[in-house]
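There are 2 protein chains.
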Amino acid sequence: MKIGILTIGNELMNGRTADTNSSFIAREANQQGWVVEAIMSVCDGLTAIKNRLDYLLSMSDAVICSGGLGPTADDITTEAIAKAFSLPLYTDENVLNYIRDIFTQFNLRWVENNAKQAMFPKGAQVLPNVRGTAPGFSLSINGKMVFAIPGVPAEAKLMVTDSVIPALRKHFPQDELYIVKQTIKTFGLSEAAVDDKVKDINFNSLGVNIGFYPVFPENHIVLIARGKNQNEAQKNLQKAQDEISARLQDYIFAYGEETLEGVIAGLLTEKKLTIAVAESCTGGMITNRLTDVSGSSDYLERGLVTYSNIAKISMLGVPAEIIEKHGAVSEETVRLMAEGLRKLAGTDLGLASTGIAGPTGGSPEKPVGTVYLAVADSRQTACRHYAYRWDRQRNKEVFSEAALFLLKNFLEGKFS
Amino acid sequence: MKIGILTIGNELMNGRTADTNSSFIAREANQQGWVVEAIMSVCDGLTAIKNRLDYLLSMSDAVICSGGLGPTADDITTEAIAKAFSLPLYTDENVLNYIRDIFTQFNLRWVENNAKQAMFPKGAQVLPNVRGTAPGFSLSINGKMVFAIPGVPAEAKLMVTDSVIPALRKHFPQDELYIVKQTIKTFGLSEAAVDDKVKDINFNSLGVNIGFYPVFPENHIVLIARGKNQNEAQKNLQKAQDEISARLQDYIFAYGEETLEGVIAGLLTEKKLTIAVAESCTGGMITNRLTDVSGSSDYLERGLVTYSNIAKISMLGVPAEIIEKHGAVSEETVRLMAEGLRKLAGTDLGLASTGIAGPTGGSPEKPVGTVYLAVADSRQTACRHYAYRWDRQRNKEVFSEAALFLLKNFLEGKFS
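Keeping their order, the protein sequence lines are chains A and B.
Under the numbering used here, think of the first position of the first sequence as 63, with each following residue one higher.
Under the numbering used here, think of the first position of the second sequence as 63, with each following residue one higher.
In short, the hints are calculated from the structure, not lab data.
Treat each hint with caution, since some may be false.
Identical copies look the same in the list; a pair holds intra-copy or inter-copy alike.
[Said to hold, decoys possible] As a list, the in silico DSS-like pairs of lysine-lysine whose alpha-carbon atoms are at most 30 angstroms apart:
no. : residue 1 : residue 2
1   : K261      : K297
2   : K259      : K178
3   : K112      : K64
4   : K334      : K428
5   : K112      : K261
6   : K297      : K470
7   : K428      : K301
8   : K243      : K206
9   : K387      : K232
10  : K145      : K261
Just need the whole structure built from these sequences, with the hints factored in.
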């Protein structure tokens, strides 16, 4: 099957927003074994949208349009699609009530132009939007299909996987090809190094496609296995995954939808351990990631951002002379931060970071990008030292990832 | 002038690579006052490239093609463009020697297919590539222009600013149109409500375009003003900005590249104030945002994530009976968190959050999405209570934004 993708919005045409929906949709289509014939972006203009849609339909079995479904005057995708196929617009009362309910719930003032989001071309199937107010819709036109989905990436992605792909599979019944996917998440190797470690595996003979996706500071591997039935596809996938796991075991921290903080949550809960975090250079990012997991209050007793030396001394019990002698950014300091913290917080574990995120504060001995990390329990303290060379934001991200990665390995007994 | 953009590569069509060149080229073109008429992506296929190029040329004065200039077999952009205009290919000996020199310099083994990068359609102007081996080229076709530039973003960007834009300006002498832009960042109103508040302004008569861009949980307004010279464009922009500022003054927190945490950094530095942060439901996100600003260690003394009641009692001095009586999520508790924190930390200001990010922990009286915020100095404490209804991640984001927004207003004396 051939797919066309049309992303709609003035913000794409003036370069204010980079189009990330296209590559997401293309990847999803590709994983179904479909061919993306063309990707286009167009401004919020009635004639322009209609013309581009005609062009894409001339070469595709289905066109997925993203963007321009919002309440403001420049959102005209629905109207443009209706015009393109000479369909009248109608208001779906159920959708209108749903949107009104959201406004009531959120205590927002109702503005009449929001009602526009409940209008659809005649014959459209409404696609629910659980993450926003603007639903999508699909139309069947002379055997071809046209979809309209929101431009907001989080809303668009969910609608593609939950509504668009299933609708397309139903409308264009597939041959018996069955597809299963797996994501393998790694940290600590460059993309090229990950590639190099697995390149001897004959993925083709396993009926598996492999893709590499850097998601800074992580590198993800996506496996797509095909088979005549679910069982065969699953078996092929498992073989490929086992081969990769054997080669990358020191770098893999999660599979599928799991996150590093989610894996840590599972380990802490399983082992019934509590933790406290003391951050310097990471500025709250480690704690913020840990608290992204629902239920983290069960094991996270406290998080401290001890930016100043005084905070390190008074809140963590790091002796002033240690900071004086070795510096705030040192293995000695980070070790005592982690050990002091867990004693003062009364937790099983203490996790600490100290370093230089930049752009200022570096020195020849300790350049920007230097970080010291430590995890302590009652028996031992594990310390690590890394030197990265990113900007402030990315340094904070890679420091935090390295800290959580160290914590995961510690919890798995890799330092015992 | 009308511009078409064509990005070329199988990696774009299967979603493995997101196209970032298009938005960069679009932004550069937009800043010249040119209109980007269409953006397309296409696979590495001779006929497909030729067809898309024809389509784009039918609506544009110039088409910029990116990608497919490399040495491997799938790089066929040069050949496709030559075919599209029935031009023979020739080898440019100077370019060939330049590429050979690079291989010698870097001690790389010469492979014959590299010579492909020195081939151009007859009549092409070579565009130098100082960051890679593949040069670009331009062609003038019946008064229109076609450019081919590399796909590697760093190479493409430099070639656009250094070669493509100057060549286009020379080929299409401009009218005197001058363009200036401004971004106005708001928080606290829905996109529709922002639109509603400014819809009576006659932007057209001011020569200004307005666009609305939700950047959760903020809503941004972008103004693009045109004029015969910089002065006129600037005057038009200022008029529109003044009109908007008057209507949205309670919601605007920053202009242009400024961020909320950056504005706060400026206010704290100017007033020579120090701050400490105590977070419950925001889990470190407020502190993490404050520390995204370089130099934040000058005013941020400490940040605490006091998830447990014990942490609130021991580290902030909130009396146990207050938490017992009113609950950890209450105005009484958040007020005492902020006040206790600033005393214990010895800072000028204390900022505190407590609430329920979800998905669990809600009750009929205090549902998921409830948040209490407080800022305290030596003279007063300002508290706010909000009820949002997002998922955990978005609740954390909107809670943090509301806390920083409250802090900004406090620093600006809006509660004095």
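**Item:** Unmet hints by their number, sorted upward, for this structure
**Value:** The structure breaks hints 7 and 9; every other hint is satisfied.
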